[in-house]
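Chemist: Here's the letter readout for the chains.
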Amino acid sequence: MTTPVPDDTALLDRARAGDREAQGILISRYAEDVYRLTARLLSDADLARDAAQDAFVNVLNGIGGFRGQASVRTWILRIAANAATTLGRRRTRRREIPLDAAGDPADAASGDDSAAARLDGARLERLLARLPEKQRMAVVLRIRNGLSYREVGEVIDCSEGSARVNYHLGIKRLRELAES
Amino acid sequence: MNCESITDLLPDLASGVLDDATAALLHAHIATCSGCAAEWRIVQSLRADATALPADLEAGIVAAVARMPAHRRRSHVPYYAAAAAVAFALFGGILTVQRLGDSASIARSATPIPAAGTGEAVFPVVTDPLVGNQSAVSELSAEQLEALLTEMDS
Numbered sequence: 278m279t280t281p282v283p284d285d286t287a288l289l290d291r292a293r294a295g296d297r298e299a300q301g302i303l304i305s306r307y308a309e310d311v312y313r314l315t316a317r318l319l320s321d322a323d324l325a326r327d328a329a330q331d332a333f334v335n336v337l338n339g340i341g342g343f344r345g346q347a348s349v350r351t352w353i354l355r356i357a358a359n360a361a362t363t364l365g366r367r368r369t370r371r372r373e374i375p376l377d378a379a380g381d382p383a384d385a386a387s388g389d390d391s392a393a394a395r396l397d398g399a400r401l402e403r404l405l406a407r408l409p410e411k412q413r414m415a416v417v418l419r420i421r422n423g424l425s426y427r428e429v430g431e432v433i434d435c436s437e438g439s440a441r442v443n444y445h446l447g448i449k450r451l452r453e454l455a456e457s
Numbered sequence: 006m007n008c009e010s011i012t013d014l015l016p017d018l019a020s021g022v023l024d025d026a027t028a029a030l031l032h033a034h035i036a037t038c039s040g041c042a043a044e045w046r047i048v049q050s051l052r053a054d055a056t057a058l059p060a061d062l063e064a065g066i067v068a069a070v071a072r073m074p075a076h077r078r079r080s081h082v083p084y085y086a087a088a089a090a091v092a093f094a095l096f097g098g099i100l101t102v103q104r105l106g107d108s109a110s111i112a113r114s115a116t117p118i119p120a121a122g123t124g125e126a127v128f129p130v131v132t133d134p135l136v137g138n139q140s141a142v143s144e145l146s147a148e149q150l151e152a153l154l155t156e157m158d159s
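Chains as they are written, first to last, in the numbering used here: chain A, 278 to 457; chain B, 6 to 159.
Isolated chain A, as found in the complex (with noise of 0.2 Å):
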């Protein structure tokens, strides 16, 4: 017989009350998804494993006051987004350890031409920092976490609509970064 998974809901109210289990299994649902966009968002690998870590710590400091106004999913990528942002502006000018320097290159040894068509990923991180913090979060989060706009909106604390012009100004600004 398999143990049910529990539901984000239940996962919360046992980590409100201390459950380590819960906690730890909170943690490994979405720490992959909090890296993601703490990654992408700060474009040092050190950087975004501390805002990860900062991101959780703060979760479950702030859970007493989750109210469900918002998924679970989405408020947590919020304080995710809010460590990166935090970390971002106390980042002193230091060289930036790139995440990917030359693609995957597994799909240059094989010729794929979808590959090559792409942008280089180091190029993409720098034209994505370009970005305002918005239009930024709102590209990142709507194509690499793959949220809706109104998740997205929930997260950078904005409307369904604003969330989508955000996204659009985005992908505008970095297609004409790329072209230039």
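The hints are simulated quantities; they were obtained by calculation from the structure and are not laboratory data.
Idealized CB from N, CA, C, for every residue including glycine.
Do not rely on the hints blindly, as some may be mistaken.
What the hints assert, rightly or not - Just some of the chain A residues that point at chain B, by a computed CB distance under 8 Å:
hint: 1; residue: D285
hint: 2; residue: A287
hint: 3; residue: L288
hint: 4; residue: A299
hint: 5; residue: S305
hint: 6; residue: R306
hint: 7; residue: A308
hint: 8; residue: Q330
hint: 9; residue: F333
hint: 10; residue: G398
hint: 11; residue: P409
hint: 12; residue: I420
hint: 13; residue: G423
hint: 14; residue: S436
hint: 15; residue: N443
hint: 16; residue: L451
As the list claims (entries may be wrong) - Just the calculated beta-carbon pair ranges, DEER-fashion:
hint: 17; chain 1: A; residue 1: G339; chain 2: B; residue 2: H32; range: 22 to 30 Å
hint: 18; chain 1: A; residue 1: P281; chain 2: B; residue 2: N7; range: 40 to 48 Å
hint: 19; chain 1: A; residue 1: G295; chain 2: B; residue 2: L14; range: 39 to 47 Å
Take the given structure of chain A and dock chain B to it, following the hints.
Modeler: The following block gives chain B in isolation, referenced to the frame of chain A:
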């Protein structure tokens, strides 16, 4: 399908969540439209799993959480809420005694206003014109989008 519909769905196409028929329609359009093809390349590049997960990601997070003081790993909101309720009641009681002679109400209700006659609550409804007009956004220029965003955020 037109470009407006296409650009909204490109992230979903990259995620693989679209049904086969819709995905085929999008690919057929992308093959004939340079603008949408350029945006598709950007979406694919951002979607590509170029960011390797640190091997110790979860362990590092668990360790960071474990370093939190034990009492902070549990929510104390119930206790704070009770304390706040007592403080509010005392404060509210003091204000009420002081203002009993004042005809103006000091109560600020956070509840919705009952509609006249029906007794049912009426919440103010804010409509976002863009939510109901999905296809219009992507065809706006950057300047128009900026202006729209300024108007929406004001």
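Chemist: Could you work out which of the previously given hints the structure breaks and list their numbers from low to high?
Modeler: Violated hints: 1, 2, 3, 4, 6, 11 and 17; rest satisfied.
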